[in-house]
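So you can see what is in the structure, the chains are spelled out below.
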Amino acid sequence: MRRFALIAVPYLWLLVLFLVPFLIVLKISLSDATLAIPPYTPTLDLSRGWQGVRDWAAGLDLENYWFLTEDALYWKAYLSSLKIAVLSTLLTLLVGYPIAYGMARAPDHWRPTLMMLVILPFWTSFLIRVYSWKAILSQEGLLNQFLLWLGVIHEPLTILNTNTAVYIGIVYTYLPFMVLPIYAALEKLDESLLEAAEDLGCSRLSAFWLVTVPLSRQGIIAGSFLVFIPAMGEFVIPALLGGSRTLMIGKVLWEEFFSNRDWPVASAVAVVLLLLLIVPIVLFQRNEQKNREAEG
Amino acid sequence: MEIQENTGFAPWGDPEAKPLIRFQNVTKRFGTFTAIDNLTLDIYAREFFALLGPSGCGKTTIMRMLAGFEDPSEGEIFLDGENIAGVPPNRRPVNMMFQSYALFPHLSVWDNIAFGLRRSEMARDKTRIAARVEEMLKLTRLEKFARRKPHQISGGQRQRVALARSLAKAPRLLLLDEPLGALDKKLRQETQFELMDIQERTGTTFVIVTHDQEEAMTVASRVAVMDHGKIVQVDTPATIYEAPNSVYVADFIGEINIFKGHASPPRDGFCEIAFAEGLAPIRARAPEEMQGEAEVSFAIRPEKVLIGPERPPELPEGRANAYRGKVIDIAYLGNISTYHVELAGGQKVKVQAANTRRIQRRTITWEQEVWISFTDTAGVVLTR
Amino acid sequence: MRRLSWFNLTSLTLGLAFLYLPMVILVIYSFNGGKLVTVWAGFSTKWYGELFRDEAFLKAAWVTLKVAVISSTVATLLGTMAAIVLVRTGRFLGRTLFSGMIYAPLVMPDVITGLALLLLFIAIGLDRGATTIVLAHITFSMCFVSVVVASRLQSFDRSLEEAALDLGCTPLDAFRSVTLPIIAPAVISGWLLAFTLSLDDLVIASFTSGPSSTTLPIKIFSAVRLGVNPEINALSTIMIAIVTTGVITASLLSKRSIARRAREEQEAFGQ
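Residue numbers (our numbering), protein chains in the order written: chain R, 1 to 296; chain W, 1001 to 1384; chain P, 2001 to 2271.
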């Protein structure tokens, strides 16, 4: 009996507030937009009994999905989100790996402090961290002032409200997600393996490529997914740092919903985004599963 | 064959004695894996009973069934004549000392020992609990550490806390799962005697699970040797050592030489085992169950074989087995030496001899031709 | 003693500078007297004063705090239950679906979660306001809590619970007097995580809030969408200060307790 309650309470909660909402999204994505409240049709009218259900089912179609393929805006937005997510994941890896490596090679008594320094930004408001770049990247911002003062440039660069700013924002906010799993993998690495590699004739650099990198693979994979998946559906970063020409699907969904009030299309956008994310999510889960099994 | 011991305590030999624990045709399966296969076993009150076997032989499963963490798939377990199937662990007069000790890290030594008492019939009586905890602390010599947390004491002290905690409720039966496994060798030997002493003083029935045969031999009144969910032999340590009933038991307990061969039909209780061409057969006492000729294994302990540079005088007449061989290896262990001798047929024999003389005086060396010998009652003939 | 090579030292320095410089600049400029955020016009705490006179901000802050406390508390309760279900109960009908629903919200884009929950609230006719935000926050943060608690439960030595049962505890008593005290740190970090997630959430709150229940992130977002706002700089500084103090205190405390424990174990070993 107790066991039943233990399972039932969180289960029911998630069913009602997580699974059912998705079914509603799916249903609305198959409906038509109207100028009514709620702004879509058909609505399920159970008071009309079986006929009501039949009418409702007959009114559903894939029209909104056809619309997504017809209007270039949408597939361009998906492609552009994909491109931004992939590129910024690679950039984050490039920036994050040396940091994780440095942490793992640091003296033992430094490590807790370094760890705390990497985690601390994670606890501070995401929104504020993204916002902090606005003052740096703007036309008269500190970066331009600094570069002008150095004499590297003579005209202020336009960075804010471009995709470059979005890349910077993603790398910046998701950096801890990349650093921590790689650090966890590198920390476990037995240093005598590198000594053995060098003893067997590897140079420092080839020992790094042949031993360190393969052994931190799990961390690299985990970190990359942790950056890629949320970057794909990101809204705040393109909204604050990107320009009107920055196309990201999260932003499109938001605008479709709040500005155009086209709920069926917004729902269809959400369903397609979800389908696109299922592949990396499943791959990520597999990788985690493998990690857990490897650790026994 | 029963080896006589000079302790009077042997309820298993008394047909009138009622066992404290009785396993009756108990089988335990986990999915398709059979952990315990049709086990029948009696354990008597005040016994120090050891379950001995390699890991995965099912000894821990027996213990967990006694504690109440597992229920048998088939068969019954009786405690004091009552079937205890379905009785949850917290309602059994049985306590367990865990292999990991399972000391509660957030509680002091005192509170760990009092934990069970606070959940017993004396829960309301604080003074009785305090008195019992103090008694247990004294028994295990932990008075000084009562206020410490488990991480603030050494491994040996943790072991004693675990023992005190499981004894505090004065259980009818105490289960010890590899109780000394985490201790280093020297501490383990000291603790073995301490365990025996505490068992004797409290009069509790102990069932110990171990994979260490020396430990089982030292502490137990009886040892059950297990293999793949079955008990192979249950006997006193001396009987197990001197008269193993199978090659498995002989090989598992201590060091032994095994000669595989063909035995002649027994005559006057003795048989002759041909084990290598061109060598005289071994003359040995035939086991009671042996009728006619048979394929057998002759097992003899290394310390029961004599070694010398010359053929030993035949004494008593006709009852000694003697073979020529060459020393191929010597392991000097201080108090004793083990000689590896190769016989003419290629059979290798381990011989142990006490080093009663100083090292320079000893005569046997590598590559030397030697004679090994043993009497016809020094070894056992095993038919399985 | 291991020493850092110049390469590692450089990458660590640059990396940490990258992580912290933007926030440091933000903090410095919150004390700027001028309206123009990029031009230094002398030290002033004027924006802090403005901030504390801005009733809309104070009200939003209060709503946010209330939502965060309630949702993280309920989420901790539900998340801990879910963790126990994940780690401890054997098979039951729909177990795969259950663990799927626990892990999915961790990687679900906020825009989708927000949209889905909003559509649910509309479908069942629930008026949007603080209550709907709380419901939404509980739903996604309970999953984070359950992952944190489940990973602690997985490394938990089951024989401790068995020992408690063996010594006379009922299963519930064993959980209360042995398991819970030992996993308490994980439960507390789960609560803190849920609390932070709730404080921080813009997207889901935007979807599920009503006109009367604006949270701080929504307020901040609408204020900074078009440009830099000195009042927000002041607010950010306060939030950064609170988090930094909290995290540093927590890490110092844990460092001290780890050091003490190591010392005590050392002493115990010597006996």
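Derived from the structure by calculation, the hints contain no laboratory data. A portion of the hints provided could be inaccurate.
In silico SDA-like pairs for lysine to any residue, Cα to Cα no more than 20 Å straight-line [unchecked claim]:
#1 W:Lys1149 x P:Asp2200
#2 W:Lys1304 x W:Pro1287
#3 R:Lys188 x P:Ser2155
#4 P:Lys2066 x R:Lys290
#5 W:Lys1144 x P:Leu2036
#6 P:Lys2066 x P:Asp2200
#7 W:Lys1149 x P:Phe2156
#8 R:Lys290 x P:Glu2265
Computed, partial: chain P to chain W, Cβ under 8 Å [what the hints assert, rightly or not]:
#9 Ile2070
#10 Ala2130
#11 Glu2162
#12 Asp2166
#13 Thr2170
#14 Leu2172
#15 Phe2175
#16 Val2178
#17 Pro2181
#18 Ile2182
#19 Pro2185
We put the beta carbon where it would ideally sit given N, CA and C, even for glycine.
Against the structure, the hints:
Proposed proximity of lysine 1149 (chain W) and aspartate 2200 (chain P) is contradicted: the alpha carbons are some 40 Å apart, above 20 Å. Annotation: proposed proximity of lysine 1304 (chain W) to proline 1287 (chain W) holds, straight-line Cα distance about 19 Å (limit 20 Å). At roughly 18 Å between alpha-carbon atoms, lysine 188 (chain R) and serine 2155 (chain P) fall within 20 Å of each other, so this suggested pair holds. The straight-line distance between the Cα atoms of lysine 2066 (chain P) and lysine 290 (chain R) is roughly 40 Å, outside the 20 Å bound, and the hint therefore fails.
Between lysine 1144 (chain W) and leucine 2036 (chain P) the alpha-carbon distance is near 70 Å, which puts this suggested pair outside the 20 Å criterion. A hinted pair counts as satisfied when its Cα atoms are at most 20 Å apart, and lysine 2066 (chain P) with aspartate 2200 (chain P) qualifies at roughly 13 Å. Distance hint between lysine 1149 (chain W) and phenylalanine 2156 (chain P) is fulfilled; the C-alpha atoms sit about 18 Å from each other, no more than 20 Å. With a C-alpha separation of about 34 Å, the suggested pair lysine 290 (chain R) and glutamate 2265 (chain P) falls outside the 20 Å cut-off, and the hint is violated.
Checking isoleucine 2070 (chain P) against chain W by beta carbon gives a least distance of about 29 Å; that is not within 8 Å, so the hint is violated. Of the supplied interface hints, the one on alanine 2130 (chain P) is violated, with its beta-carbon coming no nearer than about 37 Å to a beta-carbon of chain W, more than 8 Å. Restraint check, glutamate 2162 (chain P) versus chain W: the minimum CB separation of about 6 Å is within 8 Å; hint holds. At its closest, the beta carbon of aspartate 2166 (chain P) sits 5 Å from a beta carbon of chain W; the interface hint therefore holds under the 8 Å criterion.
This hint holds: threonine 2170 (chain P) has a C-beta 6 Å from the nearest C-beta of chain W, less than the 8 Å allowed. Violation of the interface hint for leucine 2172 (chain P) is found here, the shortest Cβ-Cβ separation to chain W being roughly 11 Å, above the 8 Å cut-off. Hint status for phenylalanine 2175 (chain P) relative to chain W: violated, with the closest Cβ pair at about 13 Å, above 8 Å. Of the supplied interface hints, the one on valine 2178 (chain P) holds, with its beta-carbon coming within about 6 Å of a beta-carbon of chain W, less than 8 Å.
The restraint placing proline 2181 (chain P) at the interface with chain W holds, with a minimum CB-CB distance near 5 Å, inside the 8 Å limit. Checking isoleucine 2182 (chain P) against chain W by beta carbon gives a least distance of about 6 Å; that is within 8 Å, so the hint holds. The interface hint given for proline 2185 (chain P) is violated, since its Cβ lies 11 Å from the closest Cβ of chain W, which is over the 8 Å cut-off.
Checked against the numbered hints above, the structure breaks hints 1, 4, 5, 8, 9, 10, 14, 15 and 19 and satisfies the rest.
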